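Residue numbers (the working numbering), protein chains in the order written: chain A, 5 to 494; chain B, 7 to 303.
Read the hints as simulated data drawn from the structure, not as lab findings. It cannot be assumed that every hint is accurate.
Just so you have them, the derived chain B footprint on chain A, three or more residues with Cβ under 8 angstroms [to be verified]:
1. 37-46
2. 83-91
3. 94-101
Derived contacts from chain B toward chain A, CB cut-off under 10 angstroms, selection only [as the list claims (entries may be wrong)]:
4. GLU195
5. ASN198
6. SER228
7. SER231
8. MET239
9. VAL240
Pulled from the structure, derived: some chain A residues nowhere near chain B, Cβ distances all over 10 angstroms [unchecked claim]:
10. VAL8
11. ARG12
12. SER25
13. ARG26
14. GLU59
15. SER60
16. ASP67
17. LYS109
18. ASP111
19. ARG118
20. LYS161
21. VAL167
Predicted model, so just to flag it, every value in this text is computed and none were measured. We treat Cβ as the ideally placed atom computed from N, Cα and C, and that holds for glycine.
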Amino acid sequence: MRCVIPGRSVKLFAKAIHCLSRIGDELYLEALPQGLALRTVNSSRSAYACFLFNESFFLSYDDGSNDLPEDSQEEDLLKCKIGMKSCLSVFKSMNTIEKSVDQCKIDLNIKEARLVFLLFCRHGITKTYNLTFQACETLQAIFSKDLSLNFITAQAKILNDAVYNFPNNQEEVTLVVCPETFKVKNYVDDEPDPTKVIHTEMMLAPEEFDNYQIGAILTFAEFSSQPINVHFETGGKPIVFSMDGDSSYEGNFVLATLVDNESSAPSSQHSGAEVEAAASKSTKKHQKGKQDKSSSKQSLPKQQNSGEEISQRHDDAENDEEYDSLLDDNDMDITEIDHALQDNKASASSQRNQFKDNKVKNNSTTKDEQLPTCKRILDASKSSVLDDFFSDSFPYRDMFTTARKELSPSLGHSSCASPEFKSLKQREQKKAKKHKADHDESIMDVEADDDYEFIPGTPPNKKFKSMFFNASQNQVLPQDVVLAADSDED
Amino acid sequence: MSRLTQQSGGDNRYILVAKLDNARNLHSILKAVHFKELSKRFEVAKEITNNLIDYKLFYHGQSATCFVSSNGLKFTVEDAKCVQANAFVQSGIFQEYTFKEESATFRISLNVLLECLNIFGSSKDTATFTALKMCYAGYGYPLILMLEEGGVLTDCSIQTQEPDETLDFDFSSAEVLNKIIMKSECLKEAFNELDMTSEVLQILMSPDNPYLRLSTFGHAGSTHSDFPKESDMVESFECQQTQTNRYKISLLKPSTKALQLSSKISIRMDNRGFLSLQYMIINEDGQVCFVEYLVCT
Numbered sequence: 005m006r007c008v009i010p011g012r013s014v015k016l017f018a019k020a021i022h023c024l025s026r027i028g029d030e031l032y033l034e035a036l037p038q039g040l041a042l043r044t045v046n047s048s049r050s051a052y053a054c055f056l057f058n059e060s061f062f063l064s065y066d067d068g069s070n071d072l073p074e075d076s077q078e079e080d081l082l083k084c085k086i087g088m089k090s091c092l093s094v095f096k097s098m099n100t101i102e103k104s105v106d107q108c109k110i111d112l113n114i115k116e117a118r119l120v121f122l123l124f125c126r127h128g129i130t131k132t133y134n135l136t137f138q139a140c141e142t143l144q145a146i147f148s149k150d151l152s153l154n155f156i157t158a159q160a161k162i163l164n165d166a167v168y169n170f171p172n173n174q175e176e177v178t179l180v181v182c183p184e185t186f187k188v189k190n191y192v193d194d195e196p197d198p199t200k201v202i203h204t205e206m207m208l209a210p211e212e213f214d215n216y217q218i219g220a221i222l223t224f225a226e227f228s229s230q231p232i233n234v235h236f237e238t239g240g241k242p243i244v245f246s247m248d249g250d251s252s253y254e255g256n257f258v259l260a261t262l263v264d265n266e267s268s269a270p271s272s273q274h275s276g277a278e279v280e281a282a283a284s285k286s287t288k289k290h291q292k293g294k295q296d297k298s299s300s301k302q303s304l305p306k307q308q309n310s311g312e313e314i315s316q317r318h319d320d321a322e323n324d325e326e327y328d329s330l331l332d333d334n335d336m337d338i339t340e341i342d343h344a345l346q347d348n349k350a351s352a353s354s355q356r357n358q359f360k361d362n363k364v365k366n367n368s369t370t371k372d373e374q375l376p377t378c379k380r381i382l383d384a385s386k387s388s389v390l391d392d393f394f395s396d397s398f399p400y401r402d403m404f405t406t407a408r409k410e411l412s413p414s415l416g417h418s419s420c421a422s423p424e425f426k427s428l429k430q431r432e433q434k435k436a437k438k439h440k441a442d443h444d445e446s447i448m449d450v451e452a453d454d455d456y457e458f459i460p461g462t463p464p465n466k467k468f469k470s471m472f473f474n475a476s477q478n479q480v481l482p483q484d485v486v487l488a489a490d491s492d493e494d
Numbered sequence: 007m008s009r010l011t012q013q014s015g016g017d018n019r020y021i022l023v024a025k026l027d028n029a030r031n032l033h034s035i036l037k038a039v040h041f042k043e044l045s046k047r048f049e050v051a052k053e054i055t056n057n058l059i060d061y062k063l064f065y066h067g068q069s070a071t072c073f074v075s076s077n078g079l080k081f082t083v084e085d086a087k088c089v090q091a092n093a094f095v096q097s098g099i100f101q102e103y104t105f106k107e108e109s110a111t112f113r114i115s116l117n118v119l120l121e122c123l124n125i126f127g128s129s130k131d132t133a134t135f136t137a138l139k140m141c142y143a144g145y146g147y148p149l150i151l152m153l154e155e156g157g158v159l160t161d162c163s164i165q166t167q168e169p170d171e172t173l174d175f176d177f178s179s180a181e182v183l184n185k186i187i188m189k190s191e192c193l194k195e196a197f198n199e200l201d202m203t204s205e206v207l208q209i210l211m212s213p214d215n216p217y218l219r220l221s222t223f224g225h226a227g228s229t230h231s232d233f234p235k236e237s238d239m240v241e242s243f244e245c246q247q248t249q250t251n252r253y254k255i256s257l258l259k260p261s262t263k264a265l266q267l268s269s270k271i272s273i274r275m276d277n278r279g280f281l282s283l284q285y286m287i288i289n290e291d292g293q294v295c296f297v298e299y300l301v302c303t
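Chain A with its partners taken away, still in its complex shape (with noise of 0.2 angstroms):
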């Protein structure tokens, strides 16, 4: 692959790089015919980001495609996986880079196997950065924008300005939106005192969703004045913010939604009233339960947002199914996403503890429907969302699901091979025992765990990846729940 960036793209391109790097820790590159695709993904895969930059963008492109030797594996060659931080090192100096660089060459060198960044800048000089790369599978988020009932355009600068409105440090907002009005909401949950919360909310038109990571992709769309398109569905479906006004390129940001099974559940085909009965109550649920996240939290680093926390429950299939149709008339549903920092040991398990009471109010609730397979991710760095995601167009769900099932009551037992995952899974036993001595509701923890370690840190591929991500492999799906259309791959 090999390009070159006119001078006047080169501080849009570093600006795009400088978006995905607020987002994910390594940066996907993929020559595509029709353009690079630079592609994100967060550690705790609940966020995923892609650019692509069409040929027009390049004062010339050239994927590579027909200088691969024959027998080579075409799609090998044409990606890689660089650190986030050696990429940023190219682009380091935003501010003078408009000023100083005339062009920017980048070089995908299979035989050197590096990945060479050459910036012609202002008096002659040079500068060359030969980056090591590595091999990759395709990052490739299956969502679809076009099967979105939602959809909302608006000026970068409005988003943005409603979003200022919220503290840095605020982990979840959620999008209210009804056919007349849209409504951001700031979700405070940690503070035990409800009167010392500040209740923030923006009137400005279905459902609702999350997030600072919006914080990120609006910088970009700022800059780039361009609108965004935001194409939801309901909580728990991702939503995705697209920009696609300028021909050269395209961003699409693809954020996890939480869905909340009390008020996705039969019992709330309401008026609208009820919906913020619903809210209400749920917000109450998790106040006490993270009050020792809030505690634990504060002595980690801020910036540490690399380690984010997702909580997500979900129904199983029959459910989704039924409260889609109910959902139809944009009415319930609480999203949130937990953004928490989490590499610290102590939170994970004050924050199992805490969800487990949540989910016996949630069984309580929801004992007279089929008992939900309830899904959780709690330590996100060894766990993906992403399945979540696309969690009713899922076509491993069964699979899932199974393969919870037998893990569920024989500890021991596991399914998959790899030393490092059996480690886990004897941690996890222990932790589970020590729940038991103190819940009944032990099995259920036990079943949260294993969801949780399911794919405990495995590099992106084999079977997570192929799961998720994975365009390369061939994987059927059913026909009937087809929702991997992706734009950059028609």
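Model the placement of chain B on the given structure of chain A, informed by the hints.
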């Protein structure tokens, strides 16, 4: 004229009396050779003791050897026996400079000296100056600093120490093979962005393309910055043969401070591969000072 510079009685017992209207001039040039910032630990210790106990108990910090002559002062700082930084403060910088002997040498804690010079804090207001009077009575005596700002007078007495022998790099301009003088501006960015995961900074100087190349070899890969001799940043280019030498990046990093202050830099390499970096620093009053870094391979 401030009050400080007016008093001159009783100076007879000092062998060195130097007066400076703007202490920042001296402060900034000494900072350029200050390798090691106070570590956090010392800062904390300092706060605890809150000036009650002699600082010296808590940090010796980095020492500088000061050579005094009638031409001015030279402060020399060394690290790891591999790098030497010299700050030349000519007598012309001072408004008044009297030195009665042939020469004098003493060692002094650079941390303390810098702190004293900045005792009134660094105000953003460039209109207010701290006036300085520096006195030294000779071997064994402390260095006396009198600082005045807005009618407030501070007396500092800094113990001097036995001078150490300093390294002699024996870097003579006759042996220099390659020499480039250029504006510092374009190097500033290059040095700021040095990949610190690299152990070494490789400097290539050559009469042929790529003329001047700075390379690092870090975890993420290698980087090269090339500066062609035709560039309008390059003022003088005298290279005889291609030389590629590697220098420890941790030793060169402190020179970034001097580079930031400087307006021009002269890069020289001798036949042994020793590197001399000379920085021309123009201070607030438009006077020219020089800082030199000597680094061995």
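Here's how the hints hold up against the structure:
no.: 1; hint: 37-46; verdict: violated (count 0)
no.: 2; hint: 83-91; verdict: holds (count 4)
no.: 3; hint: 94-101; verdict: holds (count 3)
no.: 4; hint: GLU195; verdict: holds (6 angstroms)
no.: 5; hint: ASN198; verdict: holds (8 angstroms)
no.: 6; hint: SER228; verdict: holds (5 angstroms)
no.: 7; hint: SER231; verdict: holds (5 angstroms)
no.: 8; hint: MET239; verdict: holds (5 angstroms)
no.: 9; hint: VAL240; verdict: holds (8 angstroms)
no.: 10; hint: VAL8; verdict: holds (18 angstroms)
no.: 11; hint: ARG12; verdict: holds (20 angstroms)
no.: 12; hint: SER25; verdict: holds (14 angstroms)
no.: 13; hint: ARG26; verdict: holds (19 angstroms)
no.: 14; hint: GLU59; verdict: holds (27 angstroms)
no.: 15; hint: SER60; verdict: holds (29 angstroms)
no.: 16; hint: ASP67; verdict: holds (22 angstroms)
no.: 17; hint: LYS109; verdict: holds (14 angstroms)
no.: 18; hint: ASP111; verdict: holds (13 angstroms)
no.: 19; hint: ARG118; verdict: violated (6 angstroms)
no.: 20; hint: LYS161; verdict: holds (31 angstroms)
no.: 21; hint: VAL167; verdict: holds (31 angstroms)
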